[in-house]
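All the letters of the sequence shown, read from the start, carry residue numbers 1273 to 1362 under the numbering used here.
Read the hints as simulated data drawn from the structure, not as lab findings. Among these hints, one or two may not hold up.
In silico EDC-like cross-links for lysine to aspartate or glutamate, where the CA-CA straight-line distance does not exceed 16 Å [stated by the list, open to error]: (1) K1274 x E1292; (2) K1278 x D1351; (3) K1274 x D1349; (4) K1276 x D1349; (5) K1278 x E1296; (6) K1278 x E1290; (7) K1274 x D1326; (8) K1278 x E1352; (9) K1274 x E1297; (10) K1276 x E1297; (11) K1278 x E1292; (12) K1276 x E1292; (13) K1276 x E1296; (14) K1274 x E1296; (15) K1274 x D1351; (16) K1276 x E1352.
Note that the structure is predicted; figures quoted are calculated from it, not measured.
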Amino acid sequence: MKIKVKAFAGFRNLLGREREVTLEEGCTLRTLLEGLFSPPHRDRMFSGDGQLRDDVNVLRNGQNVLGQGGLEMALADGDEIAVIPAVIGG
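From just these sequences and the hints, can you work out the full model?
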């Protein structure tokens, strides 16, 4: 299956602006993200307990993944994943 991945702000330096990734059917969001982020950079995506960091937003087809099963959700052909750092301001 083919998944489109879009990266924003600081994540573009690691992933590029947009790419298409081919995965086996039934792969999870965790599998995709672990494949995209090599070990030296995984701490930018994952917390120490292996969950998404609080300052990272991941969207699947425009919807936050936290309401859709999080990292263990199965992906489907044609899904679009967006990786966005949280906006912090004051």
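Cross-check of the supplied hints:
1. K1274 x E1292: holds (7 Å)
2. K1278 x D1351: holds (11 Å)
3. K1274 x D1349: holds (5 Å)
4. K1276 x D1349: Given that 16 Å is the threshold and the Cα spacing comes to 9 Å, the pair holds.
5. K1278 x E1296: violated (19 Å)
6. K1278 x E1290: Holds, at about 4 Å.
7. K1274 x D1326: violated (27 Å)
8. K1278 x E1352: Holds: K1278 and E1352 sit about 8 Å apart, inside 16 Å.
9. K1274 x E1297: Holds, at roughly 9 Å.
10. K1276 x E1297: OK: K1276 and E1297 at ~15 Å, within 16 Å.
11. K1278 x E1292: With Cα atoms ~9 Å apart, K1278 and E1292 stay inside 16 Å; holds.
12. K1276 x E1292: holds (4 Å)
13. K1276 x E1296: holds (14 Å)
14. K1274 x E1296: Holds: K1274 and E1296 sit about 9 Å apart, inside 16 Å.
15. K1274 x D1351: holds (8 Å)
16. K1276 x E1352: Distance of about 5 Å is within 16 Å: holds.
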